[in-house]
Amino acid sequence: MRQQHIRVSLVALAAMAALASPAMAGDEGQQPAPPAAVASVPPPPGWKQCPRCQNAQDRKEADAKYKVEGHPFTPRDISGVWGNQGVGATFRTPPPFTPWGQEQFNATIGDKNAAGEPLHTKDTSGEGAGSPVNCDPKGWPRLHTYNYGFEFVVLPDRVLQFFELTHTWRTIWTDGRKLPDPPPQLQWNGWNVGRWDGNTFVVEGVGFDDRSWLSDTMPDGGFPHSDEMRVVERWRRVNYGTLEVQITVTDPKTYTKPWVTPTATIRLSPGAELWEDFCVPSDYNAFNSDVYRPVATGDKK
Amino acid sequence: MRTRCRLAAPLLVLVIAVCVGGAVSAHHSRAGYDTAKEHLTTQQVVVTEVIWRNPHVYLIWDSKDGGAQKWTGEFSSPATMLSEGLSRATFKAGDPITVTFMPAKSGNPQGLVIKIVRPDGKVIIDLSERRGLLEQ
Chain F
1 MRQQHIRVSL
11 VALAAMAALA
21 SPAMAGDEGQ
31 QPAPPAAVAS
41 VPPPPGWKQC
51 PRCQNAQDRK
61 EADAKYKVEG
71 HPFTPRDISG
81 VWGNQGVGAT
91 FRTPPPFTPW
101 GQEQFNATIG
111 DKNAAGEPLH
121 TKDTSGEGAG
131 SPVNCDPKGW
141 PRLHTYNYGF
151 EFVVLPDRVL
161 QFFELTHTWR
171 TIWTDGRKLP
181 DPPPQLQWNG
191 WNVGRWDGNT
201 FVVEGVGFDD
211 RSWLSDTMPD
221 GGFPHSDEMR
231 VVERWRRVNY
241 GTLEVQITVT
251 DPKTYTKPWV
261 TPTATIRLSP
271 GAELWEDFCV
281 PSDYNAFNSD
291 VYRPVATGDK
301 K
Chain W
1 MRTRCRLAAP
11 LLVLVIAVCV
21 GGAVSAHHSR
31 AGYDTAKEHL
41 TTQQVVVTEV
51 IWRNPHVYLI
61 WDSKDGGAQK
71 WTGEFSSPAT
81 MLSEGLSRAT
91 FKAGDPITVT
101 FMPAKSGNPQ
111 GLVIKIVRPD
121 GKVIIDLSER
131 RGLLEQ
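Protein chains in written order, with this note's numbering: chain F, 1 to 301; chain W, 1 to 136.
Here chain F stands alone, though its shape is the one from the complex (with noise of 0.2 angstroms):
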């Protein structure tokens, strides 16, 4: 029977992989890239697609309409729409929990349904039936583990870094302040400086808020951080069409020794723009209402 659980929700998460990222596959390093079944809608006349909306061959003739290959390029400038291939690589194997970290981790597994399927009730950033509005933010550094894009703007005093998903942004100030200490208030995507060390952009921050996790796991659950978390990034653009970044999140409230991440490699995005995507409470509380809640629970609806 178990086994039977463990074969169908394998079979489901698949199944949420195929629809929910299918214009992911083909990204280097990931999976290979399945033929463009069907072309994806065009943008109107003058515009780009969302990153989101592009599917692998739209990201491969915009690679081609905007000769990144071989492109000249500025190391310091990482202007640009980059991602959407996702860097979920990026919180998968934790170091080990404090036991207060294992305590905080474990309260973020949630109720399951009848025939045992989690329910996901516990993540209130949009992806859980239990919570009536689902759309808290899901703050930085989880903002960087979606298939979603985004887009550096950068001003002489700070870099905004633009998040396709949820529609939200975060300031990294570059003018030469040191981090608040201690943060007037938690941040969702906290407080952040930047600078340059030698061609890698190095951002740290602080004061996050401690409602939002580091990344999802699954079947259901969230990695936590404590508001003592710091997050320090490495960003190197190693040429034209390709940033590389590295995360070390240092919580020894929660996480025994610094959690390092894999380097993600992300895309330049040339053919994409942003578009709104926000997380619309109404929204999600009329889907949880019509769809999700009876699919996942069976109650009525």
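Honestly, the hints are just simulated from the structure, not real lab data. Worth double-checking, as some hints may not be accurate.
[To be verified] Derived BS3-like pairs: lysine-lysine, alpha-carbon spacing no greater than 25 angstroms straight-line:
1. W:Lys-37 with W:Lys-115
2. W:Lys-122 with F:Lys-300
3. F:Lys-300 with W:Lys-70
4. W:Lys-115 with W:Lys-64
5. F:Lys-253 with F:Lys-122
Could you slot chain W onto chain F? The hints should help.
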């Protein structure tokens, strides 16, 4: 799928493929649907409403199969559906379609849409060969 999977090695291959492939959907699990290929359900229906919103697009249709009732058919996010060639203009109320879907295991009149064909035979979407989507 991540740290809490404890799986036999052959199954782990699938899980790694899913994990690395980026099952980082922003949204909801589909565990409530019956993924068995032999349980795919096909109905000739009339669209009554198109909900083109986050987190997932869904259609509402009337079906006379098994008694007249309203069904909901779930897709993925609007952005993902655009990448699949569907837009908010693809369907409108009154459209007759033939829809194939994974039925909800609960028995509620709901499904995860796999394929839609118009009366003239034009295939609007067909995910039936999508890797890993259906249990063989």
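Review point. Does the structure break any of the earlier hints, and which numbers would those be?
Key: 2
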